[in-house]
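**Q** In order, the protein sequence lines correspond to chains A and B. FYI, in UniProt numbering the residues of the first sequence are 1 to 551. FYI, in UniProt numbering the residues of the second sequence are 1 to 551.
If you are wondering where the hints come from, they were derived from the structure by calculation, not from laboratory data. There could be a bad hint or two in this list.
[What the hints assert, rightly or not] Label pairs and their in silico Cβ distance ranges:
| no. | chain 1 | residue 1 | chain 2 | residue 2 | range |
| --- | --- | --- | --- | --- | --- |
| 1 | A | T456 | B | R245 | 15 to 25 Å |
| 2 | A | K542 | B | P498 | 49 to 59 Å |
| 3 | B | D203 | A | I545 | 36 to 46 Å |
| 4 | B | V499 | A | E527 | 57 to 67 Å |
| 5 | B | V499 | A | K399 | 53 to 63 Å |
Ideal Cβ positions, reconstructed from N, Cα and C, are used throughout, including at glycine.
Number of protein chains: 2
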Amino acid sequence: MKKAVLFSLWGGVVTPHLSQTFQKFEESAGISRGFIKNVIAKLGSENALYCLEKGKVTLTQMIPEFEAECQKVAADQGLSLPAQFSAQKLFSDVGQVEFNKPVLDAAAVLRRHGIATCVLANIWVDDTDQRDGVARILSVLECRFDLVVRSCYAGVRIPEPDIFTNALEKLAVKPQEAVWLDVDEESVKAAGVLGMTAVQVKDITEALKEIQNLTGIEVTSDLQPPSCDPENVSHGYVNIKPGVRIHYVDMGDGPPVLLCHGFPESWFSWRYQIPALADAGFRVLALDMKGYGDTTAPPDIEEYSQEQIMLVSKTNPCKFIGIPQVTLVGHDWGGALVWNMAQFHSERVRAVASLNTPLFPVDPKTNPMEKLKAMPIFDYQIYFQKPGVAEAELEKNLKRTFKLMFIASNETVYLSVPKASPNQLDCGLFVGSPDDPARSAILSESALQCYVQQFTKSGFRGPLNWYRNGERNWRWMCSRPRGKIMMPALMVTAGKDPVLLPAFATGMENLVRQHLCYSSIMLMPAELNKILISWLKETHQKASIPVHPKL
Amino acid sequence: MKKAVLFSLWGGVVTPHLSQTFQKFEESAGISRGFIKNVIAKLGSENALYCLEKGKVTLTQMIPEFEAECQKVAADQGLSLPAQFSAQKLFSDVGQVEFNKPVLDAAAVLRRHGIATCVLANIWVDDTDQRDGVARILSVLECRFDLVVRSCYAGVRIPEPDIFTNALEKLAVKPQEAVWLDVDEESVKAAGVLGMTAVQVKDITEALKEIQNLTGIEVTSDLQPPSCDPENVSHGYVNIKPGVRIHYVDMGDGPPVLLCHGFPESWFSWRYQIPALADAGFRVLALDMKGYGDTTAPPDIEEYSQEQIMLVSKTNPCKFIGIPQVTLVGHDWGGALVWNMAQFHSERVRAVASLNTPLFPVDPKTNPMEKLKAMPIFDYQIYFQKPGVAEAELEKNLKRTFKLMFIASNETVYLSVPKASPNQLDCGLFVGSPDDPARSAILSESALQCYVQQFTKSGFRGPLNWYRNGERNWRWMCSRPRGKIMMPALMVTAGKDPVLLPAFATGMENLVRQHLCYSSIMLMPAELNKILISWLKETHQKASIPVHPKL
Chain A
1 MKKAVLFSLW
11 GGVVTPHLSQ
21 TFQKFEESAG
31 ISRGFIKNVI
41 AKLGSENALY
51 CLEKGKVTLT
61 QMIPEFEAEC
71 QKVAADQGLS
81 LPAQFSAQKL
91 FSDVGQVEFN
101 KPVLDAAAVL
111 RRHGIATCVL
121 ANIWVDDTDQ
131 RDGVARILSV
141 LECRFDLVVR
151 SCYAGVRIPE
161 PDIFTNALEK
171 LAVKPQEAVW
181 LDVDEESVKA
191 AGVLGMTAVQ
201 VKDITEALKE
211 IQNLTGIEVT
221 SDLQPPSCDP
231 ENVSHGYVNI
241 KPGVRIHYVD
251 MGDGPPVLLC
261 HGFPESWFSW
271 RYQIPALADA
281 GFRVLALDMK
291 GYGDTTAPPD
301 IEEYSQEQIM
311 LVSKTNPCKF
321 IGIPQVTLVG
331 HDWGGALVWN
341 MAQFHSERVR
351 AVASLNTPLF
361 PVDPKTNPME
371 KLKAMPIFDY
381 QIYFQKPGVA
391 EAELEKNLKR
401 TFKLMFIASN
411 ETVYLSVPKA
421 SPNQLDCGLF
431 VGSPDDPARS
441 AILSESALQC
451 YVQQFTKSGF
461 RGPLNWYRNG
471 ERNWRWMCSR
481 PRGKIMMPAL
491 MVTAGKDPVL
501 LPAFATGMEN
511 LVRQHLCYSS
521 IMLMPAELNK
531 ILISWLKETH
541 QKASIPVHPK
551 L
Chain B
1 MKKAVLFSLW
11 GGVVTPHLSQ
21 TFQKFEESAG
31 ISRGFIKNVI
41 AKLGSENALY
51 CLEKGKVTLT
61 QMIPEFEAEC
71 QKVAADQGLS
81 LPAQFSAQKL
91 FSDVGQVEFN
101 KPVLDAAAVL
111 RRHGIATCVL
121 ANIWVDDTDQ
131 RDGVARILSV
141 LECRFDLVVR
151 SCYAGVRIPE
161 PDIFTNALEK
171 LAVKPQEAVW
181 LDVDEESVKA
191 AGVLGMTAVQ
201 VKDITEALKE
211 IQNLTGIEVT
221 SDLQPPSCDP
231 ENVSHGYVNI
241 KPGVRIHYVD
251 MGDGPPVLLC
261 HGFPESWFSW
271 RYQIPALADA
281 GFRVLALDMK
291 GYGDTTAPPD
301 IEEYSQEQIM
311 LVSKTNPCKF
321 IGIPQVTLVG
331 HDWGGALVWN
341 MAQFHSERVR
351 AVASLNTPLF
361 PVDPKTNPME
371 KLKAMPIFDY
381 QIYFQKPGVA
391 EAELEKNLKR
401 TFKLMFIASN
411 ETVYLSVPKA
421 SPNQLDCGLF
431 VGSPDDPARS
441 AILSESALQC
451 YVQQFTKSGF
461 RGPLNWYRNG
471 ERNWRWMCSR
481 PRGKIMMPAL
491 MVTAGKDPVL
501 LPAFATGMEN
511 LVRQHLCYSS
521 IMLMPAELNK
531 ILISWLKETH
541 QKASIPVHPK
551 L
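Pulled out of the complex, with its shape left as it was, chain A reads as follows (with noise of 0.2 Å):
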């Protein structure tokens, strides 16, 4: 079985054919079409281009001898270049180059399976004022590929047999092991040689079903987001006072936004969302919110009041990390204080999106734990509320815990609602479950470990306490000016929510100005990262705050 697939960059493969790039330089610069890449054909062994891409000489270096080449070509068909010819360009173009998104996907499919993932990629360094092409090339290769192998530093460029050895030794994948893919019929020839199973790109579509068949992983058609590996990604903490500490990942360079789950969740909840919205531009911060994982988890109900736990996320990313605005994006009792942090510390918040929990009017005439106890549908809180019950029953076995709570819409609902008083023994979510549930399809054994070791630390007892403060919190936002939310809101709705429905969200637009409301049937990852990052766009364009996308 194969244990690595090797790509090599350019050409149709991990980005598409150049020939359109070239065809629109040619059409721009008045030449003739077909004249770079006649240039390309014409050159010898040991010309400009293979100096540069073998690392000899630096970008700038090259240039002059490379229009030089071109000059020669030109006056070889007795013609000669116009005034604005710029090799230059061509390289700057070179580097504003799309990524072919079948074969990232597939690469991350691969990764997900345990196969190893590699670029060869003949590439100069780019030490130009327009470098910035080959750096966002650079970036979103080392984020999605396991080893990047780059001809300028290697000192050898394909189709050398070296570069491929060097990069079989680092992957420690024997030839007969690895898979290379390419549309350069040299390269294919010398991959094979090394006894490598080469694959010759024609058509894209037609390669990936070959890599499924030699992997036996199906690359287009298990498709979800790239993930986060907790091992892998930047970690930050901060003091927010004495003996409280927030934990959050970090990953991504522009607007900053802020992600906050909900129970019995993690940063890690928001593994699909972190690389996507990284790559569209933004920064984002997920936080592990107060009482759970690495953030400090105090044991006091009051800690865990909307009012306190905003004074959390408040000073997090704004009073210690120096940010000024953040857009916050909450799912669940994160929805519920992304809602409360627009209205309260509008200043902070540049723009906000709820999942599945939609922003409830307050009435400040009816305590909201009598309305709970009204309507089966939240008997779970009514169980969450004795301290201790709903601890003993969810820390029993965390394991089984995940297994039974974390399940798709189409799979055997174990959770029960406890009618019964939460003092009677055979009261609890999961009476009659089985001590074995199956794990979901949603969720992989390794996801399942994190969770596990997640809430080993500090358990369910600081994630219970949001629910002990149903009357604190409604006091409190009741003495509050609780207006219209002014700035832009997203409310994302998921028809298969057994608890937080749909209809809960109706006659939000009496409460929220800017109300933008997305309803589905079955949030996957991937239709959550369009949702978010188009909404994402577009409100910072509105902002005129300038957001530059890597993929």
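With chain A held as given, fit chain B onto it using these hints.
**A** For chain B alone, kept in the frame of chain A given last:
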């Protein structure tokens, strides 16, 4: 003695008097000068502005009411307000107010000397589209003062006594231990009644002198930029390969700037730069370099070659944090590194600045170790070559080591350059130095403790290994393409540096294209910040990258 100083936000204390803001507003709105002051003066006890400040309504809710009050005052004067009159614009203008820099500086000095600092602010919940002005004000205040009390959260406004007593309670000081500064006579009276020492500000310089008399702290002359408290900054950690973790301090929002320290230092060596650059609108990432502090310190010498260290630094900000391009600032060995990064990983570097360390030309004919031996100024580097020798001396008494090494240029130098063979017992940097040398004026006791703690973990082996790759670095650099550095570059020389002499920077114009050289005799933190910020702003402006300074 006084334990706390409380400042009023508006009107001539932390911000300049708003009369200028009002005047400009009146001019642009086409209303008579003094109108706004007049409206405010005529407000009754339960007026719209007071309700806003006390958090009974948000700014959006209050604006129509305030406009009605303005209409009323205008009508009383027999006038009608022009069509372009907008109370929203008035509040937005207020949010754009600058800070009184001397007051911020004075507050920083007080804080450094252990006096609690607090701002009381009659400030509202700003939920308008122009709320980023207030966000910026709050972000600066929260970074610079120990406590910020907003009237809209406290439910009381200055001069109500409760706002003072609430603040004193939070600061845990008695009224007699606190000083209050305001322009407003009423608030000065109110604070006086409570037993506080109240200073009515007429001239800010005079007021600061009075603070000086009351606290005994020279708030106007002992000026240093604000520093970082390691306990109160955000710490980032990222694994760049199995078993190798990078630690960095992260502050601010904006284009990223990566700070690389020298020998034998720490992220903490940038403590006076981090808040200043963050306030100037940049995201600052201050690394613990390989071998230092909370970054992993592998034992092998080879791990500290420039090639290997660059792999660390390159992948740190880029690969896992997902930042495509950063501006690099390096000092001492960090300076050597950033020049190499600019040359060999130019794509990922937006611009490069080096303090003290010039870019040296590479001479492929002469082994640099031979050159070193010929220059007595570098004898200490010869002494550092033999593994274990300098480690033993430097690690023997960390406190003494840092007291001997971190000194101002006008203080006694005890370091000797060892002439003898490293095998001789009487050879060393500290031979003949006092056992308990005085601590330098530039090194506070807490800073000394911080350095000791940073080096307790990994000692000096890693840091010294940076010096043990001279030949390896040379060979490697000779093998790489080495063009002129094409990106914007800043070289700062320090006249009092006894080793990295300013003269070494001569001829750098042959190696760097966009070269700006700044020479300083005494490179003090405030001067350095000014140089760096002005260069950073100019560099990013030229590249059309927006920067939003907070100060």
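**Q** If a hint holds in the structure, say so; if it doesn't, say that too.
**A** Against the structure, the hints:
T456 of chain A and R245 of chain B have their C-beta atoms about 21 Å apart, which keeps the hinted 15 to 25 Å range intact. Restraint check, K542 of chain A to P498 of chain B: a C-beta distance of roughly 56 Å satisfies the suggested window 49 to 59 Å. For the hinted restraint 36 to 46 Å between D203 of chain B and I545 of chain A, the CB-CB distance of approximately 40 Å keeps it satisfied. The beta-carbon spacing between V499 of chain B and E527 of chain A, approximately 60 Å, falls within the hinted interval of 57 to 67 Å.
In this structure the hint that V499 of chain B and K399 of chain A lie 53 to 63 Å apart at CB holds, the actual value being about 59 Å.
Of the numbered hints stated above, none is contradicted by the structure.
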